[in-house]
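Sequences and hints are given; from them, build the entire structure.
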Amino acid sequence: MDEKTMIYLASTSAVALIVIFGATYYGPFALIAIAFAVLTIILIFVINYADFLVFPLVTNIFGIKLVPAKNYYIPRTNNCVVKYVNGIYYATGYSAANIYNYVFEAESVDEGEVSKLTEAPEKWERIVMNAGFPFRFNIVCAAGDIQKFRDELEGKRGVVEFQLSHEMGSSSPSQLTIDDLQKKISVLDARIDRLSSGERPVDEIMYIESTAVGVSEKEAMDTLTNQLNHLQTLFGSLDLNITRITGREVYHLFTFNYALPDKDVMSEIFSAQS
Amino acid sequence: MATSSRFLFMILMVLAAAPVLFALLFNFSPVINFVLVMFALVCDLLAFSTKYYAEFFTPFLHARGGIVTLNDSEAFTVAPSGNAIIVRNGQNIYASAFVKIPSYRSATEMTEEEKSNFSRSFSRVLTLSKEPVRFTAQLYVIDKDTYIENIKSKLNEAEEKYQNMTIDKSVSKADSERVRGEVTMWHNLFDNINKTRSHSLEAFAMVTAPGGNEEEAINMALQQADEIVAGASSTLGISANVVEGQELLKFLEPDYMIPAVTISEQMRERTVSKEI
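First to last, the protein sequences are chains U and C.
Throughout, the working numbering is defined as the position within the first sequence, counted from one, plus 708.
Throughout, the working numbering is defined as the position within the second sequence, counted from one, plus 585.
Please note that the accuracy of each hint is not assured.
Said to hold, decoys possible - Pulled a few chain C residues facing chain U out of the computed Cβ check, cut under 10 Å:
no., residue
1, Gly675
2, Leu786
3, Glu799
To be verified - Heads up, simulated BS3-like pairs for lysine-lysine below, C-alpha to C-alpha not over 30 Å straight-line:
no., chain 1, residue 1, chain 2, residue 2
4, U, Lys824, U, Lys773
5, C, Lys835, U, Lys971
6, U, Lys824, C, Lys715
7, C, Lys700, U, Lys824
8, C, Lys729, U, Lys831
9, C, Lys737, C, Lys758
10, C, Lys758, U, Lys824
11, U, Lys778, C, Lys729
12, U, Lys971, U, Lys856
13, C, Lys700, U, Lys891
14, U, Lys864, U, Lys824
15, C, Lys700, U, Lys712
16, C, Lys835, U, Lys926
17, C, Lys729, C, Lys835
18, U, Lys926, U, Lys712
19, C, Lys835, U, Lys773
20, C, Lys729, U, Lys892
21, C, Lys715, C, Lys737
22, U, Lys971, C, Lys729
23, U, Lys831, U, Lys892
24, U, Lys831, C, Lys758
25, C, Lys729, C, Lys715
26, U, Lys856, C, Lys715
27, C, Lys739, U, Lys926
28, U, Lys773, U, Lys926
29, C, Lys737, U, Lys831
30, C, Lys685, U, Lys778
31, U, Lys831, C, Lys835
32, C, Lys746, U, Lys864
33, U, Lys856, U, Lys891
34, U, Lys778, C, Lys835
35, C, Lys685, C, Lys835
36, U, Lys971, C, Lys685
37, C, Lys700, U, Lys892
Keep in mind that the hints were calculated from the coordinates and are not lab data.
Computed from a predicted model, the values in this text were never measured in an experiment.
The beta-carbon is built from N, C-alpha and C at its ideal position, and this holds for glycine as well.
If you want it as structure tokens, here you go:
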């Protein structure tokens, strides 16, 4: 959880908690006030952890359509952006696609990781050949601050080294834990070496975008759902964790097509993602 | 945007905390206290919502008939120079430039080492800029409109020629057969081209720069784009270039990703499959 979220959660929850603790001041309405305060805390946490459910729920219940630009709209289901031109509906949807399983050769301590990296281009080509519809694979990235990243890595390395020495000094050291900690240290060392050799750390967001057409909104949206499901199957070969994006993030990804936010906003998005 | 979100959060937090403190410090009647804390809880919830929904607050207040307009202008306008797009967000002006990153080699013709090197070069390309960059691989449907029109006109020409030949008694049978063969050839080509959709894969990078006016934003964006061109060209050994003119639309508009001819093909395919 990032710093901003912690401040927001702590301060808003504090107000609701003060309301609960001052229950004696509301006379016969005490129970109602406590119930509302508890509900507020629950809603705050639901918004924080399941915002992708809350926003579409609100737009669905009130039948709200969002207009992000001329000729475009986000239907009440909040899972795509629709463009209506010359009697044709173009529905564009997004899926989050995060690569967790690909590490670089220098970091690798396992032979399997190298083969994954060399197989990736071929797998990608196979995906492209088997997708019979338009789609985009997007990576939004920005090189980070080297010194900050290095300090973080050295800090982590210090913690792991302390854990290792603690484990080795204990009366019954576990070989499994020692191996695990040594592996962590070698990965951190490899990362620090890469920084020393001139490589830059990168923050990134990856997502897949696909567009479908139809003579009606429903047809376009149904085709889009099929296409995104198909892409999920195809990208399964790359061990990608793919989740369809719904809610306000659909609007943000739509705006990314035309202009990327500045570094500060981007770093907030990156930290929220991590 | 971030600043206005924080400002809104602070105002709502004051509105949430003040009634609670008033209720507890001045101990009004229970009814007034209750009304104050209800108001405080609503403000409290709204204050937290600003973390995610700050930019939707004002448009939601102006919603009419279930339609919330976040932006009623065009999504973008193409710069007069044709090599960037301009996006206006309130008072802010942004320009985005696109860099085409062509690739001529397939992974199937690479050795294991070349594949590994390619993956490593690719990861180096991602670190080219400190400013946010979007790298995209786009699979789109090729616009065969002109090609199909060309074949159609050739087919019509051949059919007309063949009809004239059948009327004209002086034409030899061999000549007539040859033209008939030509008609069949154009017919086959036309049918085949409609049967399959042709796709193309292109990779590009997009950079955005803000500016006080359009010219400043465009110049800044093009400067960043030039850095990407130089970096991608040297790292991947290709000739990257800034995208200009009509080609820009292919990376921006969904209707350019799937051209009109293809849509009619798709509709026909779906109708046929439904009938079957």
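Here is what the structure says about each hint:
Checking Gly675(C) against chain U: minimum C-beta separation of about 13 Å lies over 10 Å; hint violated. This hint holds: Leu786(C) has a C-beta 6 Å from the nearest C-beta of chain U, less than the 10 Å allowed. Interface hint status for Glu799(C): violated, as the beta-carbon distance to the closest one in chain U is roughly 13 Å, over 10 Å. Under the criterion of a C-alpha separation no larger than 30 Å, the hint pairing Lys824(U) with Lys773(U) is inconsistent with the structure, at around 43 Å.
Simply put, Lys835(C) and Lys971(U) have alpha-carbon atoms about 27 Å apart, close enough for the 30 Å limit, and the pair holds. With a CA separation close to 28 Å, the supplied pair Lys824(U) and Lys715(C) stays within the 30 Å bound. Distance check on the hinted pair: Lys700(C) and Lys824(U) sit about 11 Å apart at the alpha-carbon level, within 30 Å; holds. Proposed proximity of Lys729(C) and Lys831(U) is supported: the alpha carbons are some 28 Å apart, at most 30 Å.
For the proposed pair Lys737(C) and Lys758(C), the alpha carbon gap of about 25 Å is at most 30 Å, so the pair holds. Taking the CA atoms of Lys758(C) and Lys824(U), the gap is near 65 Å; set against the 30 Å cutoff, the hint is violated. Restraint check for Lys778(U) and Lys729(C): satisfied, since their Cα atoms lie roughly 28 Å apart, inside the 30 Å limit. A threshold of 30 Å between alpha carbons decides the hint, and for Lys971(U) with Lys856(U) the separation of about 15 Å falls inside it, so the pair holds.
For the proposed pair Lys700(C) and Lys891(U), the alpha carbon gap of about 26 Å is at most 30 Å, so the pair holds. Of the pairs offered as hints, the one joining Lys864(U) and Lys824(U) holds, with about 27 Å between alpha carbons and a cut-off of 30 Å not exceeded. This hinted pair does not check out: Lys700(C) and Lys712(U) have alpha carbons roughly 41 Å apart, beyond 30 Å. Between Lys835(C) and Lys926(U) the alpha-carbon distance is near 25 Å, which keeps this suggested pair within the 30 Å criterion.
Annotation: proposed proximity of Lys729(C) to Lys835(C) holds, straight-line Cα distance about 14 Å (limit 30 Å). For the hint linking Lys926(U) to Lys712(U), the alpha-carbon distance of about 39 Å lies beyond 30 Å, and the restraint is violated. Note on Lys835(C) and Lys773(U): the hinted pairing holds, with a Cα-Cα distance of about 27 Å set against a maximum of 30 Å. Restraint check for Lys729(C) and Lys892(U): the C-alpha separation of about 54 Å exceeds 30 Å, so the hint is violated.
As the CA atoms of Lys715(C) and Lys737(C) are separated by approximately 51 Å, the hinted pair breaks the 30 Å bound. Using a Cα cut-off of 30 Å, the hinted pair Lys971(U) and Lys729(C) is violated, with the two alpha carbons roughly 40 Å apart. For the hint pairing Lys831(U) with Lys892(U), the CA-to-CA distance comes to about 29 Å; that is within 30 Å, so the pair holds. A threshold of 30 Å between alpha carbons decides the hint, and for Lys831(U) with Lys758(C) the separation of about 56 Å lies outside it, so the pair is violated.
A threshold of 30 Å between alpha carbons decides the hint, and for Lys729(C) with Lys715(C) the separation of about 39 Å lies outside it, so the pair is violated. Of the pairs offered as hints, the one joining Lys856(U) and Lys715(C) holds, with about 14 Å between alpha carbons and a cut-off of 30 Å not exceeded. Note on Lys739(C) and Lys926(U): the hinted pairing is violated, with a Cα-Cα distance of about 39 Å set against a maximum of 30 Å. Proposed proximity of Lys773(U) and Lys926(U) is supported: the alpha carbons are some 15 Å apart, at most 30 Å.
As the CA atoms of Lys737(C) and Lys831(U) are separated by approximately 39 Å, the hinted pair breaks the 30 Å bound. With a C-alpha separation of about 27 Å, the suggested pairing of Lys685(C) with Lys778(U) holds against the 30 Å cut-off. A hinted pair counts as satisfied when its Cα atoms are at most 30 Å apart, and Lys831(U) with Lys835(C) qualifies at roughly 25 Å. Between Lys746(C) and Lys864(U) the alpha-carbon distance is near 81 Å, which puts this suggested pair outside the 30 Å criterion.
A C-alpha spacing of about 23 Å is found between Lys856(U) and Lys891(U), which places the hinted pair at or below 30 Å, so the restraint holds. Restraint check for Lys778(U) and Lys835(C): satisfied, since their Cα atoms lie roughly 18 Å apart, inside the 30 Å limit. Between the alpha carbons of Lys685(C) and Lys835(C) the distance comes to roughly 12 Å, so the proposed pair stays at or under 30 Å and holds. Only pairs whose Cα atoms come within 30 Å are accepted, and Lys971(U) paired with Lys685(C) is accepted, the gap being roughly 23 Å.
With a CA separation close to 27 Å, the supplied pair Lys700(C) and Lys892(U) stays within the 30 Å bound.
Of the numbered hints given earlier, the model fails hints 1, 3, 4, 10, 15, 18, 20, 21, 22, 24, 25, 27, 29 and 32; all others are met.
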